[in-house]
Amino acid sequence: DAGITQSPRYKITETGRQVTLMCHQTWSHSYMFWYRQDLGHGLRLIYYSAAADITDKGEVPDGYVVSRSKTENFPLTLESATRSQTSVYFCASSDPDRVGADTQYFGPGTRLTVL
Amino acid sequence: GDSVTQMEGPVTLSEEAFLTINCTYTATGYPSLFWYVQYPGEGLQLLLKATKADDKGSNKGFEATYRKETTSFHLEKGSVQVSDSAVYFCALSDPGSARQLTFGSGTQLTVLP
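Chains A and B supply the protein sequences, listed in that same order. To convert, take the position in the first sequence, counting from 1, and add 204; that gives this note's numbering. To convert, take the position in the second sequence, counting from 1, and add 88; that gives this note's numbering.
Since the hints were made in silico from the structure, they are not lab data. Do not rely on the hints blindly, as some may be mistaken.
The calculated lysine to aspartate or glutamate pairs, modelled on EDC-like cross-linking and capped at a C-alpha distance of 20 Å, are [stated by the list, open to error]:
no. : chain 1 : residue 1 : chain 2 : residue 2
1   : B       : K144      : B       : E157
2   : A       : K215      : A       : D242
3   : B       : K140      : A       : D301
4   : B       : K156      : B       : D172
5   : B       : K148      : B       : E130
6   : A       : K261      : A       : E283
7   : B       : K144      : B       : E130
8   : A       : K215      : A       : E283
9   : B       : K140      : A       : D242
10  : A       : K261      : B       : D90
11  : A       : K274      : A       : D260
12  : A       : K215      : B       : E130
Here are some of the chain B residues that sit facing chain A, going by a computed Cβ distance under 7 Å [said to hold, decoys possible]:
no. : residue
13  : G131
14  : L134
15  : R187
16  : F191
17  : S193
Quick list of the computed label-pair ranges, beta carbon to beta carbon [said to hold, decoys possible]:
no. : chain 1 : residue 1 : chain 2 : residue 2 : range
18  : B       : K156      : A       : T224      : 37 to 45 Å
19  : A       : P265      : B       : T93       : 19 to 27 Å
20  : B       : T198      : A       : I216      : 23 to 31 Å
21  : A       : E276      : B       : Q169      : 33 to 41 Å
22  : A       : D257      : B       : T108      : 39 to 47 Å
23  : A       : P265      : B       : Y118      : 48 to 56 Å
24  : A       : S271      : B       : E104      : 47 to 55 Å
25  : A       : T230      : B       : S146      : 22 to 30 Å
26  : B       : K140      : A       : I216      : 27 to 35 Å
27  : B       : Q196      : A       : R248      : 12 to 20 Å
28  : B       : K156      : A       : R213      : 38 to 46 Å
Owing to the predicted nature of the structure, the values given are computational and were not obtained by experimental measurement. Here a beta-carbon is modelled for each residue, glycine too, at the ideal position from N, C-alpha and C.
Could you put together the complete structure from these sequences and hints?
This is the structure in structure tokens:
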């Protein structure tokens with residue numbers, strides 16, 4: 205049972221480059237989420253998706269783009285990376301109708317450094 | 089909007105000490121409440137949850153009770169171990185918030201042998 209995976213686990217890029225972080229889940233959960241984790245801020249929601257082809261903004265969406273053409277994948281793209289986007293990014297999934305209580309399951313994270 | 093306020097860290101305890109990490113929340117509806125744990129270099133794992141007032145969530149010796157009257161969900165453990173060293177996050181899910189989780193800022197716990 206692979207669960208939820210993220211790739212790459214570590215990424216170093218330069219300011220202005222486009223970067224895509226991948227997230228894949230094997231549970232067929234309906235909801236998927238992207239968070240960033242920064243010291244002193246806990247986790248902040250970037251974007252989420254309630255189902256394939258349905259996405260919506262979270263607390264800090266600026267500078268990010270998402271898509272969800274298939275239920276199992278939810279890539280996050282930084283169109284033109286900035287130093288302020290240096291962070292650890294976590295993907296999560298949930299299926300409230302089956303699992304209940306909005307429990308979210310997290311991937312291992314991607315540590316992104318923008319130089 | 090919804091918010092979660094957590095006890096500031098870091099917290100350092102000796103093995104077998106009693107642990108309390110305070111968590112209070114503000115929500116417009118009747119949220120579900122969660123504690124997640126993050127071990128070094130890993131993602132978050134669900135530790136326990138409670139979905140309604142007076143529910144007690146428990147797991148691995150940790151407990152937390154959903155107190156609606158004080159809007160709190162404090163995490164407790166009677167005797168911590170070195171292996172409990174991690175960052176602990178309190179979170180809520182408000183039914184009116186499209187299944188989003190709102191997190192506290194996290195509390196770093198270090199348990200010394």
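(message) Range first: 12 to 20 Å. Now tell me if the beta carbons of Q196 (chain B) and R248 (chain A) are that far apart.
(response) holds, 18 Å
(request) Return holds or violated for the Cβ distance of T198 (chain B) and I216 (chain A) against the range 23 to 31 Å. (result) This hint holds: roughly 29 Å between Cβ atoms.
(message) Given the hinted pair K215 (chain A) and E130 (chain B), is their Cα-Cα distance within 20 Å?
(response) This hinted pair holds, its Cα atoms lying about 16 Å apart.
(request) Take a look at whether the Cβ-Cβ distance between P265 (chain A) and T93 (chain B) falls inside 19 to 27 Å. (result) holds, 24 Å
(message) So if I understand the rule, the pair passes when the alpha-carbon distance is 20 Å or less; does K144 (chain B) with E157 (chain B) pass?
(response) holds, 15 Å
(request) Mind checking the CB of F191 (chain B) against every CB in chain A and telling me if the closest is under 7 Å? (result) holds, 4 Å
(request) Starting from the range 37 to 45 Å, see whether the pair K156 (chain B) and T224 (chain A) falls in it by beta-carbon distance. (result) Distance hint for K156 (chain B), T224 (chain A) holds at roughly 43 Å.
(request) Take a quick look at whether K215 (chain A) and D242 (chain A) sit within 20 Å of each other, Cα to Cα. (result) Given that 20 Å is the threshold and the Cα spacing comes to 16 Å, the pair holds.
(request) For the hint on L134 (chain B), just tell me whether its beta-carbon gets within less than 7 Å of chain A. (result) holds, 6 Å
(message) Holds or violated: the 33 to 41 Å window for the beta-carbon distance between E276 (chain A) and Q169 (chain B)?
(response) holds, 37 Å
(request) May I ask you to test the hint 38 to 46 Å on the CB atoms belonging to K156 (chain B) and R213 (chain A)? (result) holds, 40 Å
(request) Look at the Cβ atoms of S271 (chain A) and E104 (chain B) and judge whether their distance stays inside 47 to 55 Å. (result) Because 50 Å falls inside the window, the suggested range holds.
In this structure, the hints that do not hold are numbers 4, 7, 9, 23, 26, in rising order.
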